[in-house]
Each structure stands twice: as structure tokens, then as C-alpha cells.
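Trainee: Read off the chains here:
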Amino acid sequence: MSKKFSLSNWTESRPNQNVAIRCGNELTCEDFKTNVYRWHQALSQYVGQRWVVYHSDPFEFLSIVYALWYLKRVACVPGDNRPATISRLLNDADGGVGEMENSITLLPAGQDSETLNLHFTGIDREQVAVELYTSGSSGEPKAIAKTIGQLESELQSLEQQFPAVPGARILSTVSHQHLYGLTFRLLRPFSSGQPFLTELCEYTEDIFNNAQHLTQYVLVASPSHISRVNELLAWSSMKAECLNIFSAAAPLKKADALRMSKLLNAPLVEIYGSSETGVIAWRKQTESKGEARWQCVPDVSFEIEQQDLVKVCSDFVDKSSPYLNDQLKIHPDGSFELKGRSDLIVKIEGKRVSLNAIESVLSQHEWVSEAKAFSIARKRTEVAVVLILSETGQIQLMHCGRPKVIKTLRTLLLQSFETIVVPRRWRFVDTMPYNSQGKITLASLQALMEQPALLKWPIIKSIDKETAEVKIACVMPKELVYFDGHFEQAPILPGVVQVHWAQKYAAEYFVISGRFSHLEVIKFSGVIQPEDKIDLVLVFNSQKQKVSFSYRSDKGLHSSGRICFA
Amino acid sequence: MTALQTELKEMIIECLDLEDVEAEEIDNDDPLFVDGLGLDSIDALEIGLALQKRYGIKLDSNSEETRAHFANVNALADLVKNHRTI
Chain A
45 MSKKFSLSNW TESRPNQNVA IRCGNELTCE DFKTNVYRWH QALSQYVGQR WVVYHSDPFE
105 FLSIVYALWY LKRVACVPGD NRPATISRLL NDADGGVGEM ENSITLLPAG QDSETLNLHF
165 TGIDREQVAV ELYTSGSSGE PKAIAKTIGQ LESELQSLEQ QFPAVPGARI LSTVSHQHLY
225 GLTFRLLRPF SSGQPFLTEL CEYTEDIFNN AQHLTQYVLV ASPSHISRVN ELLAWSSMKA
285 ECLNIFSAAA PLKKADALRM SKLLNAPLVE IYGSSETGVI AWRKQTESKG EARWQCVPDV
345 SFEIEQQDLV KVCSDFVDKS SPYLNDQLKI HPDGSFELKG RSDLIVKIEG KRVSLNAIES
405 VLSQHEWVSE AKAFSIARKR TEVAVVLILS ETGQIQLMHC GRPKVIKTLR TLLLQSFETI
465 VVPRRWRFVD TMPYNSQGKI TLASLQALME QPALLKWPII KSIDKETAEV KIACVMPKEL
525 VYFDGHFEQA PILPGVVQVH WAQKYAAEYF VISGRFSHLE VIKFSGVIQP EDKIDLVLVF
585 NSQKQKVSFS YRSDKGLHSS GRICFA
Chain B
2 MTALQTELKE MIIECLDLED VEAEEIDNDD PLFVDGLGLD SIDALEIGLA LQKRYGIKLD
62 SNSEETRAHF ANVNALADLV KNHRTI
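Residue numbers (the working numbering), protein chains in the order written: chain A, 45 to 610; chain B, 2 to 87.
Think of the hints as simulated: they come from the structure by calculation, not from any bench. The beta-carbon is built from N, C-alpha and C at its ideal position, and this holds for glycine as well. Errors might be hidden in some of the hints.
Cut-off 27 Å, straight-line C-alpha distance, at most; resulting in silico cross-link-like pairs (DSS-like, lysine-lysine) [to be verified]:
1. A/K373 / A/K363
2. B/K59 / A/K297
3. B/K82 / A/K283
4. B/K59 / A/K423
5. A/K283 / B/K59
6. B/K59 / A/K306
7. A/K297 / B/K54
8. A/K298 / B/K54
9. A/K483 / A/K391
10. A/K306 / B/K54
11. A/K522 / A/K599
Here chain A is said to cover these stretches of chain B; the calculated rule only asks that three of the stretch's residues, wherever they fall, bring their Cβ under 8 Å from a Cβ of chain A [stated by the list, open to error]:
12. 19-25
13. 41-48
If we strip away everything but chain B, and leave its shape as in the complex, we get (with noise of 0.2 Å):
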């Protein structure tokens, strides 16, 4: 586990005022929603401006892409990594 995976999954817990999740626990690979984690649409939201304030990302692509990044902690850290690099 990277540095920024962690690092996400604390920014995700503590923006969402998670329970009953430690970062640790949080699979890489596990999705976000749904299933995994069990986000909603309001999640989705924070994490979204989250992201915005702490690495100055800004989702400007369509929601289908979004989604995408938002899939799991490496998906977001592949667009965390991918805007750095820019």
C-alpha cells in the first residue's frame, strides 16, 4: 500500500464521518460504492470536493468518467497521480 492510498482512505473517512471503518480495512481494489464500502450519491459528492480542496482537482469530465475515478482508493489515486504529473 502507497502512501496516497492511505493517505485517501483517511481523507475519505475523516470528509465522511465514517464508523466502523479503518483505513487499513479499506481494500485498494474494493469498490467504493454499492457493494464495497457502501457509499451514496451524497458521498460521492464530498469526496468530490474533497478531492477539489486538498489536491485542487477539479471533475470536469462527464459523470461516466467520474464514476470511473471514483470506482475504488486506486482509481482515485490514479487521478490524484495523473494530475500531479500535468
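One chain only, chain A, in its complex shape (with noise of 0.2 Å):
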């Protein structure tokens, strides 16, 4: 092993460079050994092996990080800080550091030691470094623990195939939260001598602005990023010399590809692996006709078992499951074509979501009794639910209307997952759509999305509400499905369903202790249309036992009637 790509022994082996530049300003390698020194002392107050760590803060994160490894102590990483998140985390380790409730601290200034009291040895290569937390196909998620040894061969390997340039800064997209990020934008970086900006470049613009002050750089970014880049700005002008764009995370269009390498003026390499396998293989596009074919880096090769299942082997691959979730087509040259994914996990935006956590969270409550998530490519990649209600759902969805229960699911998501993954489309349905050998297809889910929604409830404007006597006015939605029925010219809405409503809402404002026997005086005496505004006022006789119920507008009467029960 080379010296040059020590995560253990950097201190020698590290290029004579500055660690990180935020705000502008230069942190050296003074400021970072005087920081991990300080988290080293907030450490040492706490027993415990495994720590979670959370920052946006490259530079603090890094900190962390290796101050825990001087510890002997395991960092594991989650992908968000989202409260179930870390609080999942923190049933199996020992306490938490960084951005998260109750985060043990830096000791104020002053109170730790002055002098840098620690050798900055004593890392191990044989030692967990890192668990990653990522989702898994059970929907859990899952630990992928890396070893020191393991994450210093993945850069081995890829210095080999992308020699760093000592000095050059580093722009990011992406959070080091994630191994693509954890290696591109900080592991990497940290030990050729690259400098990071500490802050994410959120927009195209910010890497056109901090690019600006700088001589030469590297961009580590993501499909997400590069497929939106803002043509319209100045890139040509720029002095600054981009060295190398690095997209990973998901797949990138080859126009995207070439439109982003020709604007920056430089190689952009796609680079595709996982949690699991660390760096698989890279490719870049060219003008020439047809994709370009994925190459291994350097000690990555494949085994091919049974079914087709590929193997990955290297030094670094995750042993525990060292097989890929994608289908590829291996040509004799030895490269190879992404085929597709053969699991439930999907990527949106590049963020890897369990589509089955999705479900299990939405089916844990109360007003769902089944959920299927899938994802479906409109615009963008998306993540859309088709939904079963409860029977107290479904008073919900009378009561409140589909956008209200729609928000208090997607709030219940949001305590686990990231935004871009929560579900941008609902569908509540009867039954599941299945075929005929009783499967449940994708095709079947995504074409239900292609309707726009069927309501099944007027959208109530207001309830005035008496002991005995209701008035709801509501309005009549044109995406009610009752609408959708026989005379496509001239929507109505059903005798049928004016009764059922009636009988639905006096059930839930009167007291009612029998079931339903007949009706009386059923008058339907003007049509209701898509869009009418409508006062339906139910009154309760209780001796009686029967509700009267009339649909009125500024048209005049609709319909009116009685419900009798016994």
C-alpha cells in the first residue's frame, strides 16, 4: 500500500494543504488537528463504543469522526437527521454528536486543555470506521460497517484510476452523510491534500459562485444537480479551471452528461457503486453514437453465481452482502450495461428509499388499512401510494377532504423520511387493482395515477350544527366520481348517492340507535351539477327515529326526503 492515501496515518502522508475553506476562509491542518483534539476531549467524558454522528458541517463531521477513531470508537452515520431517524439509531449506540436533540457538546473554550495533548496515532486499520445507515429490502434500515483498511483501499483503488491534484478545491452537491459523499467530497479530498467548501452548493448558482474565487476545482455532484444546471450563467467566462465533474447516486442522461462537461469545460465521470460495494466502476459519455459502457476501477472484478446473481470482489466490498440489486449485461471486454434494479428499493433524486418502510409506516396508522408505494416518472422520478382506508379514514376523508388527510399522512412520513422521497401522489381506492392471477402489477398502480383523483365527498365550506338539526354547505367537486357515470355530457349526481350522503352524515351528528328501515316522500326535483353549491340540511326527529334531509342552492330545491330507522 502506497503511503500516499493513509486515512490512518495522514498526518505524514497527507499532501501539505489546507483540510477545508469555510465562509471563504482557510482552515489549515493546525485548525483541524486543534478541532478533532477538542472533540476528543468531549468524547473522552463518556464511555461508550458506538456513536451517532450527524453535521452539515464537513469539517466538523470529519472532526468528529476521527477524534472517535483515536477513541477506538465506531461513528455510525445516518443518511438524514429526521427525529425517528436518530432516535432509531440511538436504541443501539451510545449516544449521539452533532446536529440532533441532546448531542453531547464541545467543552466551552478554555475549559479543555491548551496544549494539542494527543499523537494523532494509534488508528488501526483493522477497526470499524464507519456504520453506514441505508435502506434496506426489508425496510428496515440497515448498518454497513466499513473498516478503516476497507475505506483506504477504496481510495487506493480510485487514485489509481483518477489521480488526484493536490491543491485543487473541492465543490459539492451532495452530503457526506452518504458513502458517495463520505469518499468524494471529504475522505478523498482530505487525504490527496484537496480542500473542501465546507458549505453544499444547494443551487447550480453556487457553484458558479464559489467557483469564481477559485483556481482550479473538482465538482462532486449528482444527477439531480447536473441534469438542472442553469445554462444561462457565465460558465464560459470563468477563470477558474474545473478539473474533474464526478456524478454518482443515480443514472445521468447522456445529453445531461455532455451538455454539463462541455459548459464546465471538463471530464465528467459517472461513477456507479453502492453502500455495500463501495466504487464499483466508472464511464464517461462521449458524442459517439449509443451509451457509453461502465468500466471497473482498478481491483473491482465481478463473479457471476447462479440466476445470474453478480458478486462483487474487492477489498472493500461490505462481505456480509457483497451481491448487487441491479441486473447487468457483461460484455467479453469485460465492461458492462446497468440493466435495472430487481428489488423494492428505488432511488428518487438519488436518495435510495425502501418502498416497503414507506408502506409499513403508512400501515401502522390508523386510518389506513393497506398501502402500496411505488415509484412512477412524470417530470421527475417520484414516489406515488394507492390507499386503503380504515373505516375511521374514510370518516376523515368525509369530514376533512383529501388534501388534509393527505397532509397528516405525509407529516407522519416526513418524522422518517426526507421530502423528496414522501409520496407527491395519493390514490385512495375500494380494492387493490389486482390482475387476474391476483398480482398486484406496477403497470396496474401507475395507471391508476394517470386518472386525475376521484372524490368520493363534497368539500364542505362550513357545519352549523343544532342538537337536533345540521346544515352543511358544501360544493360539489367535478372530480366527484359519482360525476363519472353515464351522461358524459351532462354530469349529475346520482338520487342514490344524494340519499347515501345523508344518511352517512346524520349517522355521524345524531345519536341514532337503529338501522336503516325505508324512505319516505323521496323528492328529487332538480338536477345537482359539477361545481353547485349546496346546503344539505339534515334534521333528526329522535322520538320518531327518522332524519329529514334537503339539498338546496340558489337554483332552489334539489331533493329532499326522509330516512327512517328502526
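Assembling the complex is the task here: the two chains are given apart, and the hints tell you how they should meet.
Mentor: What follows is the structure in C-alpha cells.
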């Protein structure tokens, strides 16, 4: 192993360059040592082997992680700091450090020892460095452990393929809390002497503005940003030289890759890999026809097992799960093409999410009896859900309408998932779209999304309730499922639905002991059409156990009658 | 509600392909991200591009300022108005 890419022995191997740039200020190696030392002191106050680490500032993150390594402890790294994510990890850890509730904090300046009393030695290649948490196919996030040695081997392999130029600055649009960002934004730059900007480039304008102050830089990005680059900025007038653009986390369209490469006048390298395997392969699109094929990076190879299962072989693959969930087409020269995923994990804008996990969180809510989540490609790839509501859920839908029900369920999901992967399209159905083989196919679920969401209840504007009388002011939305009937030219609300609604609302607002018996004096005097503003008035006669109803609007009386219970 | 605000709301709904949202339901002061409309960082990128395409607005300030402009429909409208008067 060349000394050049050492994480354990970095004080000797690292080129003499600053570590990071924060708000335009260079953070030196001494700054880093001091910061590691301060976190080391803070962490030394506590015992415990496993620590959850989340910090949006990569300089702080790296300091915390190094402090843990010198203490021979493990950093458990979640992809986000949603309350549910952090609390689930804390169940199995000794505490949390960084941006989360009850995090341990640095000792106030001055209270820690002034002199740097740490030798920055003693990190062992065999020790577990990080445990990354990512969506597993069971829905529960699974831990993927990486030793220091594995991380170093991966850096070594990358260095052979893409030698790093010391001193070049690192700009990034991706978080270091995931393996791609951890490797490309943080560990590789750190060990090869490339100062990284602590600020994340949230917009492509941030890349442009930050690069103005630089001489040479490397951009670590993802298809989310590359496909949405602002072409109208004066990229060509930029003095800074872009050495390389990296893209990973999701497939990048060839046209987007070429456009970005041209705009920044730099080679764009796509990286293929996963949290379990680390980096596997790379490719560079060219103007020539067709898609460029993937090539393995040095020291990575495949073994094909039965049923075309691909096993990744390298020093840095997670030995407990070396298999790919992607289907590959491997060519005789070793290059390959990707043919899609084969499990229930999907990637939404580069974020890995388990559809099972979304379904299981939804199913635990009292309004939901069954949930089916899937991805759908529209303007962007997004998650959609089809739900069967429980009795309670139905009642909520009737009272509060679609938007409120969806909002409540979204809020629940946001406890555990990042906004990007939370479903944006919802359909409530009575039965799942089973085919003749008794299966729910992806195509049938996706077909439901092609239709507008149909409603089963009027949109309630106000409710005035007295003891025995209730007035419901409402609007008939054109999306009512009942309008979708026989009279396409002139949709009207069927009488049977009007009676059904009257009975349902009556059951909600009055204490009716009997069961439905029969109807009396029913009159339908005027049709109800889409967008009509209606007052539904229900009067309950508790002695006779009868509910009188009437549907009225500016147009006059639409219908009336009595529902008798016995 | 002014015409510009309505126009921006329609632009948001269209360019983000939003379902279950009508322009008149979006309050001018409602936060667009997280709490209110619940948009995410990819949506922010899309809105940025749409502003550039439709109004020629370049987000050349820092992320902090951009975030302030994107806070709600009124803030977006101010951004567009200021750009027009320059």
C-alpha cells in the first residue's frame, strides 16, 4: 500500500495543504488538529463504543469522526437527521454527536486543555470506522460497516484510476452523510490534500459563484443538479479551471452529461457503486452513438453466480452483502451495461428509499388498512401511493377531504423520510387493482395515477350544528366519482348518492340507535351538477327515529326526503 | 391577490407537476418549503430554473438570500418585481 492514501497515518502521508474552506476562510491542518482534539476531549468524558454522528458541516463531521477513531470508537452515520431516524439509531448506540437533540457538545473554549495533547497516531486498519445506515429491502435501515482499511483500499483504487491533484478545491452538491459524498467530498480530498468547501452547493448558481474565487476545482455532484444546471450563467467566462466533474447516486442522461461537461469544459466521470460495495465502476460519455459502457475501477471484479446474481469482489466490499441488486449485461471485454434494479428499493433523485418502509409506516396509521407504494416517472421520478382507508380513515376523508388526509399522512412520513422521497401522488381506492393472477402489478398501480384523483364526498365549506339539526354548506367538485357515469355530456349527481350522503352524515352528527329501515316522501326536483354550491340540511326527529334531508342551492330545492330507522 | 402572485402560483404548480394543489389554495404568505406546501430541494432547483426562463432572473446571491426569496409567494413576487424595475 502506497503511503499516499492513508487515513490512519494522515499526518505523515497527507500533502501539505489546508483541509477546508469555510465562508471563504481557509482552515489549516492545525485548525483541524485542534478541532479533533477538542472533540476528543469532549467525547472522552463519556464511555461507550458506538456514536451516532450527524453534522451538516463536513469539517466538523470529519473532526468528530477522527476523534472517535482515535478513541477506537465507531461512528454510526445516518443519511439524514429526521427525529425518527436519529431515535431509532440511538436505541442501539451510546449517544449522539452533532446536529440532533441531546447531542454531546464541545467543552467551552478555555476549559479544555490548552496544549494539543494528542499524538494523532494509533488508528488501526482493522478497526471499524463507520457504520452507514441505508434503506434495506426489508424496510428497516440496515447498517453497513466499513473498516479503516476498507476505506483506505477504496481511496487507493480511486487514486489509481483518477489521480488527485493536490491543492484543487472541492465543490459539492451532495451530502457526506452518504457513502458517495463521504468518499468523494470528504475522505479522498482530505487524504490527497484537496481543501473542501464546507458549504454545500444547493443551487447550480452556488457552484458558479463559489468557483469564481478559485483557481482549480473538482465538482462532486449528482444527476439532480447536473440535469438542472442553469445554462444561462456565464460558465465559459469563468477563469477557474474545473479538473473533473464526478456524478453518482443515480443514472445520468447522456445529453445531460455531455452538456455539463461542455459547460464546465471538464471531463465528467460517472461513478457506479453502492453503500455495500463502495465504488465499482466508472464511465465517461462521448459524442459517439449509443451509451458509454461502465468499466470496473482497479481491484474490483465480478463473479457471476447462479441466476445471474452478480457478486462484487474487492478489498472494500461489505463481505456480508457483496451482491448487486442491479441487473448487468456484461460484455466479453469486461465492460457492462446496467439493466435496472431487481428489488423493492427505488432511487428518487439519487436518494435510496425502501418502498416497504413507506408502506409499513403508512399501514401503522389508524386511518390506513392497506398501502402500496411505488415509483412513477413523470417530470421527475417520484413516489406515489395507493391506499385503502380504514373505517376511521373513510370518516376523516368524508369530513376533512383529501387534502387534509394527505397532509396528515405526509406529516407522519416526514418524521422518518426526507421530503424528496415522500409520496407526491395519492389515490384512495376500495380495492387494490389485482389482475387475473391475483397480483398487483406496477403497471396497474401506475395506471391509477394517470386518472385524476376521484372524490367520493362533497367539499365541505362550513357546518352549523344544533341539537337536532345540521346544515352542511358544500360544493360539488367536478372530480366526484359519481359524475363519471352515464351522462358524459351532462354529468349529474345520482339520487342514490344524495340519499347515501344524507344517511352517512346523519349517522355522524346524530345519535341514531336503529338501523336503516326505509325511505319516505323522496323527491328529486332539480339536478345537481358539478361546481354547484349546495346546503344539505338534516333534521333529526329522535322520537320517530327519522332524518329529514334537503339539498338546496340558489337554484332552489334539488331534492328532499326522509330516512327512517327502526 | 395580484395577477403576478397568481401567475407565480400557476408557474409553481405547472413546473413542479403538483397534484392536489390549486392556485387559489396557496396562501401568499404560506411557506413553500417544509411546513406549508411541503416542497423539497429539487423543487427549489426547478423553481430557480423556471424563474430564469420566464423572467430572466439569475440567482446570483448566496443560498441564504435565495432561501429568503423562495420563502413564500409574496417573497417570490417581490423578487420578480424588483428585477423588473432594475
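Trainee: If a hint holds in the structure, say so; if it doesn't, say that too.
Mentor: Each hint, compared with the structure:
no., hint, in the structure
1, A/K373 / A/K363, "holds (23 Å)"
2, B/K59 / A/K297, "holds (25 Å)"
3, B/K82 / A/K283, "violated (32 Å)"
4, B/K59 / A/K423, "holds (23 Å)"
5, A/K283 / B/K59, "holds (20 Å)"
6, B/K59 / A/K306, "holds (20 Å)"
7, A/K297 / B/K54, "holds (21 Å)"
8, A/K298 / B/K54, "holds (23 Å)"
9, A/K483 / A/K391, "holds (23 Å)"
10, A/K306 / B/K54, "holds (20 Å)"
11, A/K522 / A/K599, "holds (18 Å)"
12, 19-25, "holds (count 3)"
13, 41-48, "holds (count 6)"
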